[in-house]
Amino acid sequence: MTETTKPASAAVPGFDASVAGKRAECDGGGPIQGTRYAGREEFAGTLTGDFVDHGDPPWRWYLLGDLVKKPESYTDAVVWCESGSVFLVDEPDRVPGKNRL
Amino acid sequence: MPKNPLHTPFCEMFGIEYPIIAFTHCKDVVVAVTNAGGFSVLGEAMHTPDEISADIKWIRDRIGSKPFGVDLVLPASVPPSGGLAELQSKIPDTHKAYAKMVHEKYDVPAPKGKEALHQWGGLNQEMARKQLEVLLEERVPLLCSGLGNPAFILDAAHARGIKVFGLIGKTRQAKREIEAGIDGIIAQGFDAAGHTGEMGTFSIVPEVVAIAEGRPVIAAGGVTTGRHLAAALCLGAAGVWTGTLWLASRESDVDMIVKEKLIAANAEDTDFSKCISGMTMRVLKCPWTNEWKKPEAPAPLAAPYQMLLSSPYIQGANDNRRADLMTEAAGQGVSFIKSMKPARQIMIDVVDEALTTFENLTGGEE
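The listed protein sequences correspond, in order, to chains A and B. The opening position of the first sequence corresponds to residue 1 in the numbering used here, with each subsequent residue numbered one higher. The opening position of the second sequence corresponds to residue 102 in the numbering used here, with each subsequent residue numbered one higher.
Hints listed in this document are in silico derivations from the structure and should not be mistaken for laboratory results. Just to be clear, a hint being listed does not mean it is correct.
With a cut-off of at most 35 Å between alpha-carbon atoms, the simulated DSBU-like pairs for lysine-lysine come out as follows [said to hold, decoys possible]:
no.	chain 1	residue 1	chain 2	residue 2
1	B	Lys128	B	Lys276
2	A	Lys69	B	Lys395
3	B	Lys276	A	Lys22
4	B	Lys231	A	Lys69
5	A	Lys69	B	Lys276
6	A	Lys22	B	Lys271
7	B	Lys201	A	Lys69
8	B	Lys271	A	Lys98
Taking beta-carbon pairs under 7 Å as the criterion, some of the chain B residues facing chain A (in silico) [said to hold, decoys possible]:
no.	residue
9	His126
10	Cys127
11	Lys128
12	Ala146
13	Pro150
14	Ser178
15	Pro181
16	Leu248
17	Ala252
18	Leu255
19	Ala400
20	Pro405
The beta-carbon is built from N, C-alpha and C at its ideal position, and this holds for glycine as well.
Use the sequences and the hints to build the structure in full.
Quick look at the structure:
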């Protein structure tokens with residue numbers, strides 16, 4: 001990870017070689033800051049293998065780069081994606097970070 | 102004795118009378134719907150842990166041991182960007198100019214206080230984590246994830262006797278959460294207010310029912326009448342998730358001006374657009390959404406930049422109660438919101454109409 005990709009808050013970083021370089025989609029989004037609403041965003045790209053685990057129980061987030069699909073005007077080159085919202089293009093039933101099915 | 106079509110597995114799960122879930126940001130609506138035999142889920146996405154704790158205590162003082170839920174919005178993706186000042190510096194001049202044009206054309210007043218958006222929590226996971234801790238500590242009967250997969254918190258929630266439901270917009274999201282052990286799925290269709298799914302409610306509900314392995318599936322999106330409830334149950338749903346239905350209720354703390362706009366609105370008066378937040382939202386049409394649909398308008402920016410642009414308009418309109426400018430998240434079922442009724446009456450009307458619908462379909466009892 002570089003300085004520009006570091007997660008905004010303290011977390012335990014790691015590297016998952018089993019997903020590094022794999023194409024993935026992220027059904028993303030989150031709270032709309034300053035409002036009580038939520039919004040959806042979709043991304044597709046390549047997982048770098050970098051992840052962070054937030055807190056206990058660990059909430060795992062993967063770094064998605066080489067974005068081929070992203071919201072129009074999205075200016076960042078990468079996005080952090082929660083593992084449960086990541087879908088591997090070639091292994092759609094596999095949850096990154098869990099045992100292989 | 103004929104089977105009561107409104108007594109569903111969701112009612113069994115929580116020991117309630119009617120499979121109608123009121124999703125609301127208003128505690129008074131929570132209490133009214135709960136005490137009328139329904140189930141309420143309080144949206145707490147914007148509240149601090151202390152506020153959430155206080156809200157839960159307030160509700161429990163008024164509903165006793167009856168079950169209720171709390172909804173949080175868990176982030177599913179987070180950009181690696183920095184603080185507020187850095188984000189504001191990245192907004193293109195073209196977009197700032199267009200926003201300024203809208204303000205001048207409609208004489209949009211300035212917000213009266215500090216913009217809520219400027220109480221910046223940052224785009225990270227820490228706030229969600231702290232909010233979840235409160236729900237675990239308070240052992241709320243139902244934790245709903247309004248967006249984002251709550252799989253990581255399931256064991257901790259179940260250990261405390263808390264059920265967890267996830268709101269989804271795609272069948273694959275439901276499959277993922279079901280495989281993780283979630284207790285129920287809220288299948289949200291395109292008709293919904295706010296962050297809708299991409300599929301119609303009539304399409305997503307039966308798809309999710311087919312893979313739910315007997316778990317309750319709650320139909321969301323466009324539900325505002327008893328006929329909608331009956332239709333959802335016919336699709337295999339175990340209940341309905343209703344939001345717009347309660348916005349104009351007597352108990353709702355929504356501004357009276359907005360209530361009147363909701364009552365006057367039809368489905369075509371809602372816009373599905375990225376122009377408010379950068380993420381798709383269904384809201385009542387207003388000058389901001391109308392201007393950003395024009396061919397000459399620049400493409401809305403991604404979140405959070407577009408929200409930084411729209412925030413002064415939204416808050417200025419609300420703080421100054423400008424009826425011509427105000428908007429609210431509303432689903433396409435708004436067509437059937439035609440008066441301000443007490444929540445109990447809304448519940449009675451929906452239940453009566455659902456039962457009448459079933460009687461008409463089956464020929465009723467001799």
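Consistency of the hints with the structure:
For the hint pairing Lys128/B with Lys276/B, the CA-to-CA distance comes to about 32 Å; that is within 35 Å, so the pair holds. Pair hint Lys69/A plus Lys395/B holds up; C-alpha atoms about 25 Å apart against a cutoff of 35 Å. For the given pair, Lys276/B sits about 21 Å from Lys22/A by alpha-carbon distance, which is consistent with the 35 Å threshold. In summary, the hint linking Lys231/B to Lys69/A is supported, as the alpha carbons are separated by about 31 Å, within the 35 Å threshold.
For the given pair, Lys69/A sits about 23 Å from Lys276/B by alpha-carbon distance, which is consistent with the 35 Å threshold. Distance hint between Lys22/A and Lys271/B is fulfilled; the C-alpha atoms sit about 22 Å from each other, no more than 35 Å. Between Lys201/B and Lys69/A, the direct Cα distance comes to roughly 30 Å. Compliance with the 35 Å bound is thereby established for this hinted pair. Of the supplied pair hints, the one linking Lys271/B and Lys98/A holds, its CA atoms being roughly 21 Å apart against a limit of 35 Å.
A hinted interface residue such as His126/B counts as satisfied when its beta carbon comes closer than 7 Å to some beta carbon of chain A; here the least separation is about 5 Å, so the hint holds. The restraint placing Cys127/B at the interface with chain A is violated, with a minimum CB-CB distance near 11 Å, outside the 7 Å limit. Nearest Cβ of chain A to the Cβ of Lys128/B: about 13 Å, over the 7 Å cut. The hint is violated. Given the 7 Å rule on beta carbons, the hint for Ala146/B holds: about 5 Å separates it from the nearest Cβ of chain A.
Taking 7 Å as the C-beta cut-off, the interface hint given for Pro150/B is violated, the closest approach to chain A being about 14 Å. Taken as an interface hint, Ser178/B checks out: its beta carbon lies about 3 Å from the nearest beta carbon of chain A, inside 7 Å. With a cut of 7 Å, the hint placing Pro181/B at the interface with chain A holds, because the nearest CB-to-CB distance is about 5 Å. Because the smallest distance between the Cβ of Leu248/B and any Cβ of chain A comes to about 4 Å, under 7 Å, the interface hint for this residue holds.
Checking Ala252/B against chain A by beta carbon gives a least distance of about 5 Å; that is within 7 Å, so the hint holds. Below 7 Å, beta-carbon pairs count as interface contacts, and Leu255/B has none with chain A, the closest being about 9 Å; its hint is therefore violated. Of the supplied interface hints, the one on Ala400/B holds, with its beta-carbon coming within about 5 Å of a beta-carbon of chain A, less than 7 Å. Nearest Cβ of chain A to the Cβ of Pro405/B: about 5 Å, under the 7 Å cut. The hint holds.
Taken one by one, the earlier hints fail for this structure at numbers 10, 11, 13 and 18, listed in ascending order.
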